[in-house]
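Participant: So you can see what is in the structure, the chains are spelled out below.
Protein chains: 2
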Amino acid sequence: MTKVIDFQTDPSKYRHWRIEYDGEIANLYMDVDEQGGLFEGYELKLNSYDLGVDIELADVVQRFRFEHPEVKTVVMQSAKEKVFCAGANIRMLGGAAHAHKVNFCKFTNETRNTFEAAETDSGQTYICAVKGSCAGGGYELALACNYIMLTNDSTSAVALPEVPLLAVLPGTGGLTRITDKRKMRRDLADVFCSLEEGVKGNRAKDWKLVDELIPNSKFDEVVRERAKEFALKSSRPSDAKGVELTPLDRQFTEDGSVSYSSVDVAVDRTNKRVTITISGPDTDAHASMDAFHSQGADAYMLRMARELDDAILHLRLNEMELGLIVFKTQGDPKRMQAHEDLLLNSKDHWLANEVLQYWKRILKRIDLTSRSLVALVEHGSCFTGVLAELLFSVDRSYMMEDEFEGDNREICAITLSASNFEQYPMSNDLTRLQTRFLGDPDTVDTLKGKVGEPLEAANASALGLITYTLDDIDWEDEIRIFMEERASFSPDAMTAMEANLRFPGPETMETRIFGRLTAWQNWVFQRPNAVGEEGALQSYGTGRRGKYNMGRV
Amino acid sequence: MTKVIDFQTDPSKYRHWRIEYDGEIANLYMDVDEQGGLFEGYELKLNSYDLGVDIELADVVQRFRFEHPEVKTVVMQSAKEKVFCAGANIRMLGGAAHAHKVNFCKFTNETRNTFEAAETDSGQTYICAVKGSCAGGGYELALACNYIMLTNDSTSAVALPEVPLLAVLPGTGGLTRITDKRKMRRDLADVFCSLEEGVKGNRAKDWKLVDELIPNSKFDEVVRERAKEFALKSSRPSDAKGVELTPLDRQFTEDGSVSYSSVDVAVDRTNKRVTITISGPDTDAHASMDAFHSQGADAYMLRMARELDDAILHLRLNEMELGLIVFKTQGDPKRMQAHEDLLLNSKDHWLANEVLQYWKRILKRIDLTSRSLVALVEHGSCFTGVLAELLFSVDRSYMMEDEFEGDNREICAITLSASNFEQYPMSNDLTRLQTRFLGDPDTVDTLKGKVGEPLEAANASALGLITYTLDDIDWEDEIRIFMEERASFSPDAMTAMEANLRFPGPETMETRIFGRLTAWQNWVFQRPNAVGEEGALQSYGTGRRGKYNMGRV
Numbered sequence: 089m090t091k092v093i094d095f096q097t098d099p100s101k102y103r104h105w106r107i108e109y110d111g112e113i114a115n116l117y118m119d120v121d122e123q124g125g126l127f128e129g130y131e132l133k134l135n136s137y138d139l140g141v142d143i144e145l146a147d148v149v150q151r152f153r154f155e156h157p158e159v160k161t162v163v164m165q166s167a168k169e170k171v172f173c174a175g176a177n178i179r180m181l182g183g184a185a186h187a188h189k190v191n192f193c194k195f196t197n198e199t200r201n202t203f204e205a206a207e208t209d210s211g212q213t214y215i216c217a218v219k220g221s222c223a224g225g226g227y228e229l230a231l232a233c234n235y236i237m238l239t240n241d242s243t244s245a246v247a248l249p250e251v252p253l254l255a256v257l258p259g260t261g262g263l264t265r266i267t268d269k270r271k272m273r274r275d276l277a278d279v280f281c282s283l284e285e286g287v288k289g290n291r292a293k294d295w296k297l298v299d300e301l302i303p304n305s306k307f308d309e310v311v312r313e314r315a316k317e318f319a320l321k322s323s324r325p326s327d328a329k330g331v332e333l334t335p336l337d338r339q340f341t342e343d344g345s346v347s348y349s350s351v352d353v354a355v356d357r358t359n360k361r362v363t364i365t366i367s368g369p370d371t372d373a374h375a376s377m378d379a380f381h382s383q384g385a386d387a388y389m390l391r392m393a394r395e396l397d398d399a400i401l402h403l404r405l406n407e408m409e410l411g412l413i414v415f416k417t418q419g420d421p422k423r424m425q426a427h428e429d430l431l432l433n434s435k436d437h438w439l440a441n442e443v444l445q446y447w448k449r450i451l452k453r454i455d456l457t458s459r460s461l462v463a464l465v466e467h468g469s470c471f472t473g474v475l476a477e478l479l480f481s482v483d484r485s486y487m488m489e490d491e492f493e494g495d496n497r498e499i500c501a502i503t504l505s506a507s508n509f510e511q512y513p514m515s516n517d518l519t520r521l522q523t524r525f526l527g528d529p530d531t532v533d534t535l536k537g538k539v540g541e542p543l544e545a546a547n548a549s550a551l552g553l554i555t556y557t558l559d560d561i562d563w564e565d566e567i568r569i570f571m572e573e574r575a576s577f578s579p580d581a582m583t584a585m586e587a588n589l590r591f592p593g594p595e596t597m598e599t600r601i602f603g604r605l606t607a608w609q610n611w612v613f614q615r616p617n618a619v620g621e622e623g624a625l626q627s628y629g630t631g632r633r634g635k636y637n638m639g640r641v
Numbered sequence: 089m090t091k092v093i094d095f096q097t098d099p100s101k102y103r104h105w106r107i108e109y110d111g112e113i114a115n116l117y118m119d120v121d122e123q124g125g126l127f128e129g130y131e132l133k134l135n136s137y138d139l140g141v142d143i144e145l146a147d148v149v150q151r152f153r154f155e156h157p158e159v160k161t162v163v164m165q166s167a168k169e170k171v172f173c174a175g176a177n178i179r180m181l182g183g184a185a186h187a188h189k190v191n192f193c194k195f196t197n198e199t200r201n202t203f204e205a206a207e208t209d210s211g212q213t214y215i216c217a218v219k220g221s222c223a224g225g226g227y228e229l230a231l232a233c234n235y236i237m238l239t240n241d242s243t244s245a246v247a248l249p250e251v252p253l254l255a256v257l258p259g260t261g262g263l264t265r266i267t268d269k270r271k272m273r274r275d276l277a278d279v280f281c282s283l284e285e286g287v288k289g290n291r292a293k294d295w296k297l298v299d300e301l302i303p304n305s306k307f308d309e310v311v312r313e314r315a316k317e318f319a320l321k322s323s324r325p326s327d328a329k330g331v332e333l334t335p336l337d338r339q340f341t342e343d344g345s346v347s348y349s350s351v352d353v354a355v356d357r358t359n360k361r362v363t364i365t366i367s368g369p370d371t372d373a374h375a376s377m378d379a380f381h382s383q384g385a386d387a388y389m390l391r392m393a394r395e396l397d398d399a400i401l402h403l404r405l406n407e408m409e410l411g412l413i414v415f416k417t418q419g420d421p422k423r424m425q426a427h428e429d430l431l432l433n434s435k436d437h438w439l440a441n442e443v444l445q446y447w448k449r450i451l452k453r454i455d456l457t458s459r460s461l462v463a464l465v466e467h468g469s470c471f472t473g474v475l476a477e478l479l480f481s482v483d484r485s486y487m488m489e490d491e492f493e494g495d496n497r498e499i500c501a502i503t504l505s506a507s508n509f510e511q512y513p514m515s516n517d518l519t520r521l522q523t524r525f526l527g528d529p530d531t532v533d534t535l536k537g538k539v540g541e542p543l544e545a546a547n548a549s550a551l552g553l554i555t556y557t558l559d560d561i562d563w564e565d566e567i568r569i570f571m572e573e574r575a576s577f578s579p580d581a582m583t584a585m586e587a588n589l590r591f592p593g594p595e596t597m598e599t600r601i602f603g604r605l606t607a608w609q610n611w612v613f614q615r616p617n618a619v620g621e622e623g624a625l626q627s628y629g630t631g632r633r634g635k636y637n638m639g640r641v
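If you read the sequences in order, they're chains A and B.
If you use the working numbering, the first sequence corresponds to residues 89 to 641, in order.
If you use the working numbering, the second sequence corresponds to residues 89 to 641, in order.
Just so you know, the hints here were simulated from the structure itself, not pulled from any lab data.
Among the hints, erroneous ones may be present.
Just so you know, same-sequence chains aren't split out, so a pair can sit in one copy or run between any two.
[To be verified] List time: in silico DMTMM-like cross-link candidates among lysine to aspartate or glutamate, alpha-carbon distance up to 20 Å: (1) Lys538 x Asp327; (2) Lys296 x Asp530; (3) Lys269 x Glu572; (4) Lys329 x Glu158; (5) Lys635 x Glu573.
None of the values given here were measured: they were computed from a predicted structure.
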């Protein structure tokens, strides 16, 4: 699987999803094209999915937020007869490299989380209307919705058959959501996860697997009713006009570098690293959200967000050997902050809210990116507000101190904004500053008093905002040594270490999914019982069962 | 490594640890015998350790609690010159099977946790007095202590060099404790974990890696002072006499079964399962803790605890192919409850407290055992109080309903005691009943009203205490089918599923160590970069570095 995976798509290209807009309700039909797999070698039968199907779904969810402010309820359903969704495609999983499997699961997990975020952050509720078999990743799609409705017939059932059938976990949040979101009793969860055929009818309701069981004859009617009820409770505007997410301005060069309008991705294959430089805004901030809205997807804070998001996803799936991501910024910090301030001062405007919430998701995506992350605060940079947040997302940071010979750029400073104290919580539900100063909560209070104040190196260091400050004499050598050292470590050890150090403090359902559940799934994805030649994934569909080594670990 | 590992030892057999008792202070010296490895093929140089060293340590810690009520402070130190401890032995890790590595780490983690438990539960504080190099698992020993003192000289340093040196994680709680217990800033943690040579002197103190830095010349004196200060704050009795932990009454038979005085371990190799039957007490409960104390280690509640603990450890390390543990009890429930009640009513007696806290640790050990766990509540059983707790520890449970033909034993019932609501919290800090009814906290309140009431099958099932109740007609078949089914699943998938389903709800430092950290470490332990022929563990000591595949996952 060496094809370059593109995360950009739009409705004109969809092969797997269909949407019928009905005022404040969007009916989202899963209708996977069997022949539309991202790679060769498998057919997407029974509404099973691969990464390509999920890239479309992520695009759908994003467009609901930005292009359709009027949509208050999304009803997810199947366009196929007798099957809702069979989950991730097994032949795809059987043929995929370990790293692809892991990153595929991570992306699908992030996309599932956006269903829940849509309700919490934007008042847009996902209902899952299940008819037919809803198994594995299919039921995990349902679990991520806010309300699950099941028709009461002889064939419609929900199931997590991964363990008995495939020797892997329901790894897209399934195990965590049944116990932590739906609060199923753990012994019943054990039974449920051992049943290939799943559970239907009243038992599904009694075991908390679905919210409502509906006679088949009334199913569509009751689903419509519920959709309207949820819409009534929504805070989304009824009269707003959406913002079209137009295609990104993006150029790939031969060496793998990518340049967007405000984000530059410079690949250095020799040293196995990539530098992402974010350019601050060229123009002053809009005077109002109306003006921002008129510029639409070209407005800087939305445009740059989409570019950065695309860059991160591209690197994750297509550039596995670039183990270190270096973040830089260049631009006028005051102008940059003015752009963020417009959004922060207009949070009750639906579009300002959407852009800020999108930034929250992007920063979480960066936290979860299994590359070493470092930020270099150079002269002329604009690490302020949301861009300062990058400094608290990375594993470590370096900052220029005092003047550098021949460097006429403005002496660099870090500037905090109110957003750093509330706007972009991590998946552990703390801000990045709270996480950083877990042992010194007073420091967070001190820092609140510094909002808006440019903090040059000595100050930033004393306040604990930066790992190292270096002057002209040491800068180049120290950073080179660090990068060389980092490139000499085992990538696996780095991935595992970073997954631990980045998320201290409390855990949430989200951190549990990406921490405990994912780590165990990744372990299983290495075990011969699942992925070996006689393992369950290879044996699937051949008529023989996986041959297992019965030793426990 | 097919040798049977014995977890029973006593001071007369110690090869690696030496203790000097000094009234309320115990000086514990690590003095590993290089030739005393548990297996062939490595030497335990530089105070490095293997499972054998840790089995002794676990025994030391346990005896401090029971045999030495007068010990209020334990000072852990090295008896070697210039080295505190070099951590887990690398050659041992390089040669060990995956399952041994995983279970070795689990046991060492459990043993580290007992340091912290000794302070919280028993007022016994561990001080770590570090002189010399304290690296990897050595520093993780220190991290588990309540107070770390470092001498200020040119060679004494603390380090977590696993990632740069060995391409594995500091997996015995290290990554979690630096961020969550010591609350080190996460970017500094990233730096620290990348430094092979570690950190010494003031920087170690500034980075929160140690609690106190002491000039070399005053080291011993200040350590003694601190030990006395901690002892002053302790609630442990000064005048109590300890209880000697005498050798267990234990018989192995040829098929691998083990019988203890009150615990029977019946191995069924054909069906890859083992049945642990606990016999209730033969005699009435003691009238007082004085009488209990006179009987010492033979007192039922302590004797049976030690037998069960030994059985679990034996199965974990020596019987990897027995994938299912079946728990049964037989005995008089009233008499059984009277034995627990004596302890519950005497919690301010140091020995009652120690026995109850030991039960807490054993139940946690069962939760963390990577075997499928099932309980069968048969007629004549005594699942009451602490034994009822087993029902909430297992993955699922079955209970006999109504009379069984030809079975004259007393109709079975489950009886809750006050202990089920507070005495034995899981590692997530909830009781097992709170965990079970995470979605129905009212049920826990309802159950409190049932304390002392024998709940027969219909009642127990209605209250959610049991997974399945079966009558004479279905019992045998249903259980046979379940067991056959369980034996047909991939052991890895079961391990990973159980590690997720058993710990819903909140996370603590403990669950993070056993969940997130351990799961990632287990993943790393499967990766060629660590354990492959050219990986770091095999290359260690050969003069060449590990050869890594640089792709990120």
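Participant: Honestly, which of those hints from before does the structure not fit?
Facilitator: 1 and 3
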